[in-house]
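Visitor: So the chains spell out like this:
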Amino acid sequence: MYMVEINNLTKKYGSLTAVDDISLKIETEDLYGLLGPNGAGKSTTISTISTFIQPTSGDILVGGHSILTKASAIRKLIGLVPQDVALYPTLTARENLSFFGKLYGLRGKDLSKKADEILETVGLRDRGNEKIDTYSGGMKRRINIGVGLMNDPKLLILDEPTVGIDPQSRNHILETVKNLNQRGMTVIYTSHYMEEVEFLCKHIGIMDQGKLIAQGSKEEVCALAGNEETLTIHISQLSAQHLQQLQTILPEYTMHYGDGILTVLGKKIHSVLGDILTILNTEKSKITSLDVQEPNLESVFLHLTGRALRD
Amino acid sequence: MHGLFIALNDLKITLKDRKVTTILLLMPILLITVLGSALSSAFTPDTMTDLHQITIAIVEGEAANLNDLERFIPMDQMEEIETSLSDLDINRIVKEEVLQSEDIKSLVSYEVLDHHTALSKLQAKDVAGIVYLPDQFANRYIMGNKSEIKIVTNTDSQIDQMILDAVFRSFSDQLSLPRIAVSVVQEENIKEGVGTFSFSKTGEDIQSLVSDKGISLEFLQKTEAGKQLISSKEYYTSAVAVMFMLFSAGYGLMNMLHDRDHYTLMRQLIAGASKFQMLLGKFLYTLFLCVIQLSILFAYGYIAMGIRLPSDLLAFMILICAASFAMAGLSVLLCGIVKNQRGAVIFQGLIINILSLLGGSFIPIEVMPKIFRPLADLTPNGRASRAFVHLIEGGQWSSISSSVLMLFGFGTLCLLIGVCVFRPAER
Ligand SMILES: Nc1ncnc2c1ncn2[C@@H]1O[C@H](COP(=O)(O)OP(=O)(O)OP(=O)(O)O)[C@@H](O)[C@H]1O
Ligand SMILES: [Mg+2]
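First to last, the sequence lines map onto chains A and B.
Residue 648 is where the first sequence starts when you use my numbering, and the numbers rise one by one after that.
Residue -9 is where the second sequence starts when you use my numbering, and the numbers rise one by one after that.
Note that these hints are calculated values from the structure, not bench results.
From the three backbone atoms N, C-alpha and C, an ideal C-beta is built for every residue, glycine too.
Treat the hints with care, as some may be off.
[Stated by the list, open to error] Computed list of lysine-lysine pairs in DSS-like fashion (alpha-carbon distance at most 30 Å, straight line):
1) B/2 - A/756
2) A/760 - A/659
3) A/761 - B/265
4) B/111 - A/749
5) B/329 - A/659
6) A/756 - B/6
7) B/2 - A/761
8) B/329 - A/778
9) A/760 - A/787
10) B/140 - A/787
11) A/749 - B/140
12) B/265 - A/717
13) A/778 - B/9
14) A/760 - B/265
15) A/778 - B/2
16) B/329 - A/717
17) A/749 - B/95
18) B/6 - A/801
19) A/787 - B/329
20) A/760 - B/6
21) B/9 - A/723
22) A/749 - B/85
23) A/778 - B/265
24) A/749 - B/329
25) A/659 - B/265
26) A/756 - B/9
27) A/723 - B/2
28) B/6 - A/858
29) B/6 - A/787
30) B/9 - A/787
31) B/265 - A/787
32) B/329 - B/115
33) B/329 - A/761
34) B/111 - A/787
35) B/2 - A/760
36) A/825 - A/756
37) B/115 - A/778
[Claimed, not checked] Residues from chain B that face chain A, not an exhaustive set, calculated with beta carbons under 10 Å:
38) -9
39) -4
40) 2
One chain only, chain A, in its complex shape (with noise of 0.2 Å):
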């Protein structure tokens, strides 16, 4: 059975296509991780599942029900997270969270019993008196992520809900959705910080410029690089010959040089670490940083696309 399934989906603005064509399906229970950098399409995507916007074409049943018909039906199950705080401000924790509860049909003891539960979900159980304004940005992701909770979605969609918070907040997060996940609730995660996703997703799909370009388990995805190992070395400054000199005496890896970092893609790196410090010694510029990292995400975009993740 599966929660979502995506057929087809195309969204058009104007001339711009910000979602081409995707297909894919989403099982009860899954966590399932929308990978992807700027502009790539996930917010689209996301607001086409939660009935926001209409697609150009293609369509989508969540539930068994499609979103060109029974729109309604679907807003029951789903709980949705913008990528902005969508709260009024001036209003606190609790009042944003009964004003919603409201609109979902919740009212005296039931909405203030729900509102508790969630504040103590959310962690943030003694604060929920106060203004959002005084919040610092980790809470508000918090309680944003709250609301989102007020109806007890079958399926919790999350639209980068960790954006420009400290490390502790973010943990808190992460804990809160596996928990979520855990108890039986299907998870729709975008991000993009591939650690989050590698550390919270069962399946994933990755997008860029409006395309699914992978998707599958994460052990499928990470197998999609060949297991390629990733090399990243920082330093400043790479002559074009000394690059051409390294891609001549080791072409079966992927090289790429860009804003002083030279990235190498490919099996056993170890191996040939040597022969690539060699080379890089004789530049005039040191090395600040190196690191090999496992086959990962990361690793994937790159062989997929030839870009990095972040830009």
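Following the hints, complete the assembly by docking chain B with the ligands onto the known chain A.
Guide: Just chain B with the ligands now, with coordinates in the frame of chain A:
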């Protein structure tokens, strides 16, 4: 039901916001106070005749040059406008409306002279002062430029100076204050779009408005025979209250834009509020806000300024509802067509100005050029403020029923268009 929750939530946010309540309630209260304070309440006519009478010279300003306006107006209408513009002739207004008014006639007499004669008479102490009226007043006023009335007095008579100052300062205040006040509000709103708001700043602006007030004129409106005269404070209570309702409609729009920009609109939709319910929310918000606003402003006028309330209280209440309904409809229309802050600034800056001018909130309709007068009846604010004045003058339901109908019609039309063109997801 969703619409009601949205409206109450917005209303709660508004009423908690000191800046917004300042603009929607405090500003109009101050304006009504300043504009409505009558000379006659400071000096009763009896005490005035006890004061000595002064004679002044008036040097008339150059008549308005219509060439400047030609670009905007078709040739065949020029002649008509030329006659109408004589209504906005400051020479006429000062001589006939100000210096001929009951209160002032007994205090000041005048003769119209040219500059040189006036100067020699001042030196000979035949006149207490010379008043220079501004050139090109009508043009400048319509284009929103400042005009100045210059007064030259004999330095040795303090009391003459005081009287002249009082008469002309308040007259010029009456012409310019509503404009100034509106610009203050507009600047604040424009600022808000880009930066933060400093409350103390507006506090000072308002204080300077108050401390500037001096003594104001009793500006008697022409009324039909058999009706009671309407006083300036009654006129301005209606005109100002109605003008500030336009700002309330603007806030309906601002709330919608806030909801769009911060994705709370998306949340409302997903929480089950339909497109129609969202608009109903803004409609009810504006409706409630305007009813509260009008009730408070008329109550203030009654309690603090001593204006009369209409004898037909039922008609009065229906009119309050109708005017609020029209504004609520307007705010829905705005929600439908305006999608960003820029549009909101245009509404606050331009549309409110034009509607207020045409509707008679800046200057009484009676002193406006004749061609503009019918337009006042086409603006919801002009129509509403005229209807309030009618009721205060002692008019009955029958005299305002067509206005009430027009206001409900206007509101409904706006509402329908707004509902049709509103697209929550578009940016
Ligand atoms: N309402 C809109 N009108 C026009 N273009 C839009 C609209 N919404 C999104 N776009 C465009 O569609 C493309 C995809 O945007 P989207 O917000 O879905 O990307 P994203 O993956 O969520 O990026 P980010 O990580 O920056 O949030 C972008 O080029 C964006 O400019
Ligand atoms: Mg996004």
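Visitor: Give a verdict on every hint.
Guide: Hint-by-hint comparison with the structure:
| no. | hint | verdict |
| --- | --- | --- |
| 1 | B/2 - A/756 | 21 Å, holds |
| 2 | A/760 - A/659 | 42 Å, violated |
| 3 | A/761 - B/265 | 26 Å, holds |
| 4 | B/111 - A/749 | 78 Å, violated |
| 5 | B/329 - A/659 | 19 Å, holds |
| 6 | A/756 - B/6 | 25 Å, holds |
| 7 | B/2 - A/761 | 22 Å, holds |
| 8 | B/329 - A/778 | 27 Å, holds |
| 9 | A/760 - A/787 | 21 Å, holds |
| 10 | B/140 - A/787 | 58 Å, violated |
| 11 | A/749 - B/140 | 62 Å, violated |
| 12 | B/265 - A/717 | 16 Å, holds |
| 13 | A/778 - B/9 | 17 Å, holds |
| 14 | A/760 - B/265 | 29 Å, holds |
| 15 | A/778 - B/2 | 13 Å, holds |
| 16 | B/329 - A/717 | 27 Å, holds |
| 17 | A/749 - B/95 | 65 Å, violated |
| 18 | B/6 - A/801 | 36 Å, violated |
| 19 | A/787 - B/329 | 26 Å, holds |
| 20 | A/760 - B/6 | 26 Å, holds |
| 21 | B/9 - A/723 | 37 Å, violated |
| 22 | A/749 - B/85 | 63 Å, violated |
| 23 | A/778 - B/265 | 28 Å, holds |
| 24 | A/749 - B/329 | 27 Å, holds |
| 25 | A/659 - B/265 | 22 Å, holds |
| 26 | A/756 - B/9 | 34 Å, violated |
| 27 | A/723 - B/2 | 27 Å, holds |
| 28 | B/6 - A/858 | 46 Å, violated |
| 29 | B/6 - A/787 | 20 Å, holds |
| 30 | B/9 - A/787 | 24 Å, holds |
| 31 | B/265 - A/787 | 27 Å, holds |
| 32 | B/329 - B/115 | 64 Å, violated |
| 33 | B/329 - A/761 | 34 Å, violated |
| 34 | B/111 - A/787 | 75 Å, violated |
| 35 | B/2 - A/760 | 22 Å, holds |
| 36 | A/825 - A/756 | 29 Å, holds |
| 37 | B/115 - A/778 | 68 Å, violated |
| 38 | -9 | 9 Å, holds |
| 39 | -4 | 8 Å, holds |
| 40 | 2 | 7 Å, holds |
Of the hints listed earlier, those the structure fails to meet are numbers 2, 4, 10, 11, 17, 18, 21, 22, 26, 28, 32, 33, 34 and 37, in rising order.
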